[in-house]
Amino acid sequence: MSNNSKPVTNRRAFVQKLVGGVAATTVASSAVALSSAETPPEGKKAKLKSYAMLIDTRRCIGCHTCSVSCKSEFDVPLGVTRSWVEYTEKGTYPNVSRHFLPRLCNQCRHPQCVDVCPTGATYKRPQDGIVVVDSGQCIGCKYCIQACPYDARFLNPETKVAEKCDFCIHRVSKGLVPSCVNSCIGEARIFGDISDPNSEISRLLTTNPTTVLRPGKGTEPQVYYIGADHSDEHENNRGWYDVRITTHRKEKGRR
Amino acid sequence: MVDRRNFIKLGIATAGAQLLPIRKVMAEDGTPLKHGGEDYSQFSGNQHVAVPSICGQCPSRCAILGYLDDGKLAKIEGHPDSIRNQGRVCAKGQAGAAKVYDPDRILTPLRRVGPRGQGEWEKISWDEALDELTTRLKKFRDAGTPEKFVFHHGWISDSAEKLIDDVFLASYGTGSIIKQTCQQQSARWTAHELTWGATADNWDFDNARYVLNFGSNVLEAHTNFVSLAKRLTKSTVDHDLKMMTFDVRLSNTAANSDRWIPIKPGTDLAVVLAMCNVVMSEDLYGRDGEKFIDFCLVSENYNALPGEKIVTLKKHLADYTPEWAEKISGVAAQDIRQIAREFAITKPACIISSRGAAAHYNGVQTERAIQMLAAITGNIDNPGGRCQAVSAQWTYPTGPKSKPVSRKLSFIDDIASTTALPQFGAGHSVLRRIKESGERPGLYMWYHHNPAYANGSTRETVEILKDESLLPFTVAVTPFYDETAALADLILPDATYLERYDIEAAVSPGQVPEYALRQPFVEPQGEARDFKDVCCELAKRLDIKLGFKSAEKFIDKACKLTIVVKKKARGFRGMQKIGVWHDKKAQPIYFAYRERIENATLADDGVLLDEATGVYWNWKTAEVESEAKAKSIGYLGTPGAFKGYVAQRVGYAAYSGFRPGILNKTGLFELYSPLLAAKGMPGLPTYVEIPDHVKMSDDEMILTTFKVNVQSLSNTGNGGWLTEIHHENPVWINPVSATARGIIDGDALIIKSPLGEVSGTAMVTPTVAPGVLAVSTHLGRWQGGRYASGNPAPFALGDHRHDEHQWWQAGGTHANWIIPDNPEPVSGQQCWMDTVVTLEKASS
Numbered sequence: 001m002s003n004n005s006k007p008v009t010n011r012r013a014f015v016q017k018l019v020g021g022v023a024a025t026t027v028a029s030s031a032v033a034l035s036s037a038e039t040p041p042e043g044k045k046a047k048l049k050s051y052a053m054l055i056d057t058r059r060c061i062g063c064h065t066c067s068v069s070c071k072s073e074f075d076v077p078l079g080v081t082r083s084w085v086e087y088t089e090k091g092t093y094p095n096v097s098r099h100f101l102p103r104l105c106n107q108c109r110h111p112q113c114v115d116v117c118p119t120g121a122t123y124k125r126p127q128d129g130i131v132v133v134d135s136g137q138c139i140g141c142k143y144c145i146q147a148c149p150y151d152a153r154f155l156n157p158e159t160k161v162a163e164k165c166d167f168c169i170h171r172v173s174k175g176l177v178p179s180c181v182n183s184c185i186g187e188a189r190i191f192g193d194i195s196d197p198n199s200e201i202s203r204l205l206t207t208n209p210t211t212v213l214r215p216g217k218g219t220e221p222q223v224y225y226i227g228a229d230h231s232d233e234h235e236n237n238r239g240w241y242d243v244r245i246t247t248h249r250k251e252k253g254r255r
Numbered sequence: 001m002v003d004r005r006n007f008i009k010l011g012i013a014t015a016g017a018q019l020l021p022i023r024k025v026m027a028e029d030g031t032p033l034k035h036g037g038e039d040y041s042q043f044s045g046n047q048h049v050a051v052p053s054i055c056g057q058c059p060s061r062c063a064i065l066g067y068l069d070d071g072k073l074a075k076i077e078g079h080p081d082s083i084r085n086q087g088r089v090c091a092k093g094q095a096g097a098a099k100v101y102d103p104d105r106i107l108t109p110l111r112r113v114g115p116r117g118q119g120e121w122e123k124i125s126w127d128e129a130l131d132e133l134t135t136r137l138k139k140f141r142d143a144g145t146p147e148k149f150v151f152h153h154g155w156i157s158d159s160a161e162k163l164i165d166d167v168f169l170a171s172y173g174t175g176s177i178i179k180q181t182c183q184q185q186s187a188r189w190t191a192h193e194l195t196w197g198a199t200a201d202n203w204d205f206d207n208a209r210y211v212l213n214f215g216s217n218v219l220e221a222h223t224n225f226v227s228l229a230k231r232l233t234k235s236t237v238d239h240d241l242k243m244m245t246f247d248v249r250l251s252n253t254a255a256n257s258d259r260w261i262p263i264k265p266g267t268d269l270a271v272v273l274a275m276c277n278v279v280m281s282e283d284l285y286g287r288d289g290e291k292f293i294d295f296c297l298v299s300e301n302y303n304a305l306p307g308e309k310i311v312t313l314k315k316h317l318a319d320y321t322p323e324w325a326e327k328i329s330g331v332a333a334q335d336i337r338q339i340a341r342e343f344a345i346t347k348p349a350c351i352i353s354s355r356g357a358a359a360h361y362n363g364v365q366t367e368r369a370i371q372m373l374a375a376i377t378g379n380i381d382n383p384g385g386r387c388q389a390v391s392a393q394w395t396y397p398t399g400p401k402s403k404p405v406s407r408k409l410s411f412i413d414d415i416a417s418t419t420a421l422p423q424f425g426a427g428h429s430v431l432r433r434i435k436e437s438g439e440r441p442g443l444y445m446w447y448h449h450n451p452a453y454a455n456g457s458t459r460e461t462v463e464i465l466k467d468e469s470l471l472p473f474t475v476a477v478t479p480f481y482d483e484t485a486a487l488a489d490l491i492l493p494d495a496t497y498l499e500r501y502d503i504e505a506a507v508s509p510g511q512v513p514e515y516a517l518r519q520p521f522v523e524p525q526g527e528a529r530d531f532k533d534v535c536c537e538l539a540k541r542l543d544i545k546l547g548f549k550s551a552e553k554f555i556d557k558a559c560k561l562t563i564v565v566k567k568k569a570r571g572f573r574g575m576q577k578i579g580v581w582h583d584k585k586a587q588p589i590y591f592a593y594r595e596r597i598e599n600a601t602l603a604d605d606g607v608l609l610d611e612a613t614g615v616y617w618n619w620k621t622a623e624v625e626s627e628a629k630a631k632s633i634g635y636l637g638t639p640g641a642f643k644g645y646v647a648q649r650v651g652y653a654a655y656s657g658f659r660p661g662i663l664n665k666t667g668l669f670e671l672y673s674p675l676l677a678a679k680g681m682p683g684l685p686t687y688v689e690i691p692d693h694v695k696m697s698d699d700e701m702i703l704t705t706f707k708v709n710v711q712s713l714s715n716t717g718n719g720g721w722l723t724e725i726h727h728e729n730p731v732w733i734n735p736v737s738a739t740a741r742g743i744i745d746g747d748a749l750i751i752k753s754p755l756g757e758v759s760g761t762a763m764v765t766p767t768v769a770p771g772v773l774a775v776s777t778h779l780g781r782w783q784g785g786r787y788a789s790g791n792p793a794p795f796a797l798g799d800h801r802h803d804e805h806q807w808w809q810a811g812g813t814h815a816n817w818i819i820p821d822n823p824e825p826v827s828g829q830q831c832w833m834d835t836v837v838t839l840e841k842a843s844s
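Chains as they are written, first to last, in the working numbering: chain A, 1 to 255; chain B, 1 to 844.
There may be inaccurate statements among the hints.
Partial chain B-side listing against chain A, Cβ under 10 Å, derived [as the list claims (entries may be wrong)]:
| # | residue |
| --- | --- |
| 1 | V51 |
| 2 | V237 |
| 3 | H239 |
Listed next, with one range per pair, are the computed distances between beta-carbon atoms [unchecked claim]:
| # | chain 1 | residue 1 | chain 2 | residue 2 | range |
| --- | --- | --- | --- | --- | --- |
| 4 | B | S843 | A | K250 | 24 to 32 Å |
| 5 | B | E323 | A | Y241 | 29 to 37 Å |
| 6 | B | N301 | A | P209 | 54 to 62 Å |
If you are wondering where the hints come from, they were derived from the structure by calculation, not from laboratory data.
For clarity, every value in this text was computed on a predicted model and none was experimentally measured.
Heads up, the beta-carbon is just placed ideally off N, CA and C, and yes, glycines get one too.
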């Protein structure tokens, strides 16, 4: 299937194709932004990457292994979460469903957390697109936590510094996939470089219908989903089916 | 606002270069990222030391890698070389990394100082503890009553069972051993022993095209969870496997099935029989079914021709129509018909089942009917079907050659008077039987077991455990302080599974056996000791020569005795390096029953053909006095004849057949069970009603329990990261049932059974069938540590990192207070799902 598809050689064209027409202009500008920062840290060989994750929810069994492996990887204190799984139940008896939605930082192409950070502690890494927090620069003002449309950030109660998922930079830099990808029982998570048209994630993105969370925010998330159920409790007003969201974390509601 | 582009430059130039060093983008640019097998500290960047071992959080026993950071266990992941769990391990397994450092561990032997159960303890030395035990054990032995030492354990490792039960306790002379693996599985296992002679089953999801599920939550809580869930998920998405799930509630397994079909609790048997009816009456058994029926026994006539067998089955099933089943189960007849047809014509198809179908009064009949549906469609032991489980075959040292005659207290077996085939002991009712029998164990010790929480009839269980006139001296062996340890006289701190050696022989989902070794990541914390080592020391104090000095030596010897491990996996040292081993040339084991047995084997010394049944058996191996006697009383008339089983004649040839396991059956797949018939029970799977459900009034409901994916009964409750996810267990109730009682979501409830009442919170949800209450069975703890119950263990440490961040109140509902201890009549399986209750709103 995807092996037969014509390889996309031009990265910018590929990215445009990927994101589609509506966002074409913003994508272009972001690509410019990235290329302008093109100063490879270690010689000519290093290429710019654009890391992304694709979560195939058809393979998700809601087992929380990703959540707990993340807790273990970073020794995350109780009460805060970098990675979690939400359950969405809807329907009326006996026609009911439960879908699972694994959540993490979306590593947005236009991260609102970066825009509001007063110290520059939060930034998007030019070499791979991962949004990171420099704990030395963070003053714990929580602006980013408020700004994130995905509720992906928190103040670490131990260090009082803003934290969130960073695609396990410490693993990725050593040639390992993020911990949640490694531990996922259903192999629902695919991690890779979407600037490489031959990467598994690029192939899957071009050959499957995918969605992102809250596309209307213009953040262009770099976490994509196959088969995600985006139903939300506000749909209960429509009256024909009931939706129940369980976040499995301290914040019971979705932002 | 900061200009973003400049900001990025700024970020690169100055910010946090040391905290977030920009490394080479990837070690080998362009090569795909590896999944696991190596690990680095998130804090220091240092590479962790990887040690292979086996998880012990639940009975799945997945192969794992533990990563050590400066000698401290930092992380656990699935062992990438394991052909079972294929590099994956579940949330519980991941959370195991924190278990060594659990602040509520017991770190020294503790002796009760106040009244039993008051929670007043003193720390004592191992010497004092073992002196006390030795004195008592010597006293029993000298008086000729070693059986007064009663040992009761839950799921333990293969090697622990061999070392403790078969070597240490056998050498001491007590046979008063209760293996409580029967909480969930004994009905299924007994049905398996009756039909195909083996205990465990395996579901070949790699090759299945269709899965028919009766009450298994395989995507959350199976005893081979990760291995099966991974394969099932892959086949569902990549191979378009279709799955139908019958369950009283929408489990995650039901949610990920093509369809969830709600069913009234305890009526799976009716639906399965009706499906068998459809297959037979519509002649859907096909060539595969017909071929398989050749190997089946369907009546007392061992020599029935295939055509006769089909007629017998059709006749037996004729009345079990889908319309009949609809009235009983609430499942529409047309659904039963359609699913039966799909199941019969889709090849291969796998029928799966668990507690939801089998933890009932009619559990053994249900599981036998399920075996029948698989058999008549030819889905037994085939690629993609329901297979006899394959696991590693270890050989262990057997200890002293001459052991005393094993003696046991009579209550161990007195269940036989009320239960037809209690092969798995019905351990859940042992405490009650002690009370009723009048016999008193001199020393009652439990290991890897928490009966006060895990058994039904909680109040009675706790009272018996507290009663010094019934149990004069009790010893808990556990790494953690739990509900039952709190009632002990002496607590011996055990090593966790992360601190000890073990051999495990778990089921291989790919039908190729995998050999696996558990080894310590770290030394036991405090003064904790592996109980296997403690047994070795007790043996020394009792002047018993076991032939090995420690658990490590025992396992080292097992690695030498097990030929493939010695020769191909380089023995103990080799296993320590690789953790798991399998023969790469081995083919998956299917259709083992069709293996032809050579005439030479049949002509071996002592082998006889039992003309009545077609069984070839060796009267010498079966320990019969003479050939003449063996011939005169025959295979079925000889107790223990199955030990001499050689082959089964089918037609004109001798086959390996379905070898008997622990029951005296033939080598046929016994759909008709002469053993049950001899006990006055129906020989062929027959509908049996659940007595308590026959006459229920409108205001009564059936209480069911379930397990969730982040907890392993009471074993993982103090894992903060797990209990953080599952710390509330509202009672699921269908809107129809709720409305009828004026209950709305979030209402406080009182649930009552004849045993008493428990409180709960209503979750009004369409994900449960009307008339049913469903509640998870992990919460409502009163001991077990701060995260599990809110009560720290005696002498517990402070957990400075986490204590102040615990954001939930430990609580929840524990339904076992109102679920009676209730053994099912064939196997003694606890009937978890049969309790009839009433429900009311709690007055505020």
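Tested hints:
no.: 1; hint: V51; result: violated (16 Å)
no.: 2; hint: V237; result: holds (5 Å)
no.: 3; hint: H239; result: violated (13 Å)
no.: 4; hint: B:S843 <-> A:K250: 24 to 32 Å; result: holds (31 Å)
no.: 5; hint: B:E323 <-> A:Y241: 29 to 37 Å; result: holds (31 Å)
no.: 6; hint: B:N301 <-> A:P209: 54 to 62 Å; result: holds (59 Å)
In summary, the structure is inconsistent with hints 1, 3 from the numbered list given earlier, while agreeing with the others.
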